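There are 2 protein chains.
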Amino acid sequence: MSKAKKTAVTPTREENFPEWYQQVIKAADMAENSPVRGCMVIKPWGYGIWEAIHRDLDRRIKETGHENCYFPLFIPLSFLEKEAAHVEGFAKEMAVVTHHRLVAEDGKLVPSGKLEEPLVVRPTSETIIGDAFSRWIQSYRDLPMLVNQWANVVRWEMRPRIFLRTAEFLWQEGHTAHANAEEAMEETLRMLEVYRTMSEEVLAMPVIVGEKPAHERFPGADKTYSIEAMMQDGKALQAGTSHFLGQHFSKAQNIRFQTAQGGEEFCYTTSWGVSTRLIGGVIMSHADDNGLRVPPRIAPKQIVFVPITRAEGDEQLINDYLAPLVKELQAQRYAGEPISVHVDRRPLAPPDKRWEWIKKGAPIICEVGPRDVAGGNLAMIRRDAEELKGKIISREEFVAGAVATLEGIQNTLFEQASAALKARTIRAETLDEFVAIFADDDTASRKFVRAKWSGDAATLAKLDELKVTIRNIPFDQDGAMGKCILSGQPADQEVIFAKSY
Amino acid sequence: MSKAKKTAVTPTREENFPEWYQQVIKAADMAENSPVRGCMVIKPWGYGIWEAIHRDLDRRIKETGHENCYFPLFIPLSFLEKEAAHVEGFAKEMAVVTHHRLVAEDGKLVPSGKLEEPLVVRPTSETIIGDAFSRWIQSYRDLPMLVNQWANVVRWEMRPRIFLRTAEFLWQEGHTAHANAEEAMEETLRMLEVYRTMSEEVLAMPVIVGEKPAHERFPGADKTYSIEAMMQDGKALQAGTSHFLGQHFSKAQNIRFQTAQGGEEFCYTTSWGVSTRLIGGVIMSHADDNGLRVPPRIAPKQIVFVPITRAEGDEQLINDYLAPLVKELQAQRYAGEPISVHVDRRPLAPPDKRWEWIKKGAPIICEVGPRDVAGGNLAMIRRDAEELKGKIISREEFVAGAVATLEGIQNTLFEQASAALKARTIRAETLDEFVAIFADDDTASRKFVRAKWSGDAATLAKLDELKVTIRNIPFDQDGAMGKCILSGQPADQEVIFAKSY
Chain A
1 MSKAKKTAVT PTREENFPEW YQQVIKAADM AENSPVRGCM VIKPWGYGIW
51 EAIHRDLDRR IKETGHENCY FPLFIPLSFL EKEAAHVEGF AKEMAVVTHH
101 RLVAEDGKLV PSGKLEEPLV VRPTSETIIG DAFSRWIQSY RDLPMLVNQW
151 ANVVRWEMRP RIFLRTAEFL WQEGHTAHAN AEEAMEETLR MLEVYRTMSE
201 EVLAMPVIVG EKPAHERFPG ADKTYSIEAM MQDGKALQAG TSHFLGQHFS
251 KAQNIRFQTA QGGEEFCYTT SWGVSTRLIG GVIMSHADDN GLRVPPRIAP
301 KQIVFVPITR AEGDEQLIND YLAPLVKELQ AQRYAGEPIS VHVDRRPLAP
351 PDKRWEWIKK GAPIICEVGP RDVAGGNLAM IRRDAEELKG KIISREEFVA
401 GAVATLEGIQ NTLFEQASAA LKARTIRAET LDEFVAIFAD DDTASRKFVR
451 AKWSGDAATL AKLDELKVTI RNIPFDQDGA MGKCILSGQP ADQEVIFAKS
501 Y
Chain B
1 MSKAKKTAVT PTREENFPEW YQQVIKAADM AENSPVRGCM VIKPWGYGIW
51 EAIHRDLDRR IKETGHENCY FPLFIPLSFL EKEAAHVEGF AKEMAVVTHH
101 RLVAEDGKLV PSGKLEEPLV VRPTSETIIG DAFSRWIQSY RDLPMLVNQW
151 ANVVRWEMRP RIFLRTAEFL WQEGHTAHAN AEEAMEETLR MLEVYRTMSE
201 EVLAMPVIVG EKPAHERFPG ADKTYSIEAM MQDGKALQAG TSHFLGQHFS
251 KAQNIRFQTA QGGEEFCYTT SWGVSTRLIG GVIMSHADDN GLRVPPRIAP
301 KQIVFVPITR AEGDEQLIND YLAPLVKELQ AQRYAGEPIS VHVDRRPLAP
351 PDKRWEWIKK GAPIICEVGP RDVAGGNLAM IRRDAEELKG KIISREEFVA
401 GAVATLEGIQ NTLFEQASAA LKARTIRAET LDEFVAIFAD DDTASRKFVR
451 AKWSGDAATL AKLDELKVTI RNIPFDQDGA MGKCILSGQP ADQEVIFAKS
501 Y
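From first to last, the protein sequence lines stand for chains A and B. Mapping of the first sequence onto the numbering used here: position 153 corresponds to residue 153, and the numbering continues sequentially without gaps. Mapping of the second sequence onto the numbering used here: position 221 corresponds to residue 221, and the numbering continues sequentially without gaps.
Chain A with its partners taken away, still in its complex shape (with noise of 0.2 Å):
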């Protein structure tokens, strides 16, 4: 038995992932747990990474048509009473506010001012919005109205995880409604798409569209949709969520129109998200045993310089050096955008800040000491090798790769994704070959199943006996007839089955 590596974080991805994931965040210094139960604060190099998420999606959803507006944070109870499919769903785990006033009674504070209704603070905003857009929807000139808002959401969280599962998380919701079930379908899959390449070229995470069964829909919706990726245990994430939520809404909050031909209709509504939950997608798709590893695309910092003085007059020497070859990489543009370049001049050790910068993930990290200046070089570590050590480049070599490094690593990152996706995505043709497959419950060898299901809801109680869910019913359908994996009855359409988060 080979003697165990040394890694950055401990434990390791095998030894215990859900801690692993934790230590990596603590590595990384991306977020901690705060004194307010459930709540997380997001630190500088999480937030910069939720930045960047925000700034790419924001400009795709404004190119498909929608405004951004914001709605209030607070919902009248009589609002979620209004949709009972809705209220089923949401109205349990939520804050709700009471009073809206503290007294000082004996040096304690305490609550008074007692509201007349109680308000919830918005688990997700359908209901506020549907009420702005009977207001707002007079006539089908009114059609169709795209909005977007980016905001903090509250649910009440029993079992909370950091970025995965919150009390309070940050999200954009798009909330559109239609003039016929037609287009409002269309804008569902559209925002779909729109989240699945996301997802695939910035966060590099292949992800698995297709529908949620009905019992996994959106309190209130026909038809949800979803994105789901796997996890480097092997587990999935629900990463998006599109629903077509038909005229349930409309119905509940009187959504409607004047038609053309002078008739009035309910709108056909549709709603959309993503949260700070896709940066737990991004640190269990890439990171590794020493830390993090961001993507490119998202990386607050794309490319760090650490300086590596000894003598006196090193730090001049070194600035004058960097000084013109950071300006030079900042005036290259990559994905649009130029390019992200810090130098780190904190007075501590050079080997404690190269690894703090492995372990945050920084896709490039260069090493320039006396000796690199003196030879026009410094040493690279791209943060997707094998080896982390710097590798001797001349500095014109390194700014003109500079974009196609980066490049590289972002596709690195997806193609090591995408071939563990393909590779722990398997068949299954019987029952107990299924049973084994979910009984191995391991992080390295746990896996996705692809088999058919009848859709029957009496097969579901032998998933919740296995932990298993059914992810999604995928877009890419063999429409073969076969087997129901669970009952043995016909069944033409193929499902994911998965343990997940």
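Derived by calculation from the structure, the hints in this document are not laboratory data. Computed from a prediction, not measured in an experiment: that's the story for all the values here. Treat the hints loosely; a few may be bogus.
Said to hold, decoys possible - Going by beta-carbon spacing under 8 Å, a handful of chain A positions derived as facing chain B: (1) His100; (2) Leu102; (3) Leu119.
Heads up, the beta-carbon is just placed ideally off N, CA and C, and yes, glycines get one too.
Could you slot chain B onto chain A? The hints should help.
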């Protein structure tokens, strides 16, 4: 008496300024009151202005070395109880979360799951961020700690007013910790200067920079500084504040650090913020009786084209003419960003569209009909012009001058606001004069008064009686000895007195 000119907004500023304000917001379709008491819905045109402010200010905040984070929405009561002065100032009207669940009872939802410790929705985040600082800061090497967050905050307002005073509003709040008082004071003043330049250069809103008198300090602050703007009704708007918090919060929250010498000391902290209130300031600084006028640097759309189509085929003709024109404009940068161009192709009458954009205050509106296409022209309306009529200009001249025209409009708005501030800021030497000035409480003649003030708290009753406030103690002082305008006592400090929002 001349016949009143017809205006797009009724009433006019002179007729009823507060009502005019509401009507401008409506005419420009910027925001509206929501069914949730005191909370507004910010619509695309209003939110687009906020996005532009956000983009510009965020860049300035990062350039001065701050990093963005995100802290919890909720604050435990015990955190507020730690800082007595802060509680006194803030812990009054705020939203209190007391339950974390809803249950259905007779078709109604009722709060359930009482929290052991109530949570308040943050009115500001000194206490929750201070808690994080107490964990993050160990040594002088961790200082300065420079963070900022963009967030929503809630202060239960008894008399809400859209943008100016709403229960929920959006803002940024910077929070920093330093090793000594000098550095913390430098930071406080540096961010005040960032606010001044942003306000003047970007919002085209001239401000008076100075220190708040003691009785107007932020709860818990050693010193509070502000930028104060004059609205077109002669009232003051506090547009941004920066606070030197000394060691009050660090002592209450145990934010300590080990010094370079091995000792232990409490940090000196600062905080500073601006909010969506700035949008109210922009409206009351620049809008006229035909609606909003948006300074080009924060206009969501800087140039709007309105095609004039009468006959069949016109649409195609104009589209072909506009396509390369729009590209040439978008390829140019104004204030570092590509020029934002919009073609309004909605099937509405061209004059209606023109007036809509006038009311929204798009800086440049261009009408293009078949005759313009034939002549290679367009009809340009500058929103800062006296006459809102299209002026025929050749396409080449328009493209070549677009950046200069935008800059010209930006400058006009700033100069007009500056001229008003200058003309309406007067000096007073005697109390009788002072009383007479403020007795004239008319939109057109209301004034800022610059006069000596002794700082004696006993003088404040007189101000309350007159409904006048001291806005700040401007940095530019004449230094001369004089007499306090209120008490007649010797005083060397000049202050700005005004009615205010």
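Status of each hint after checking the structure:
1. His100: holds, 4 Å
2. Leu102: holds, 5 Å
3. Leu119: Because about 7 Å separates Leu119/A from the closest Cβ in chain B, which is inside the 8 Å limit, the hint holds.
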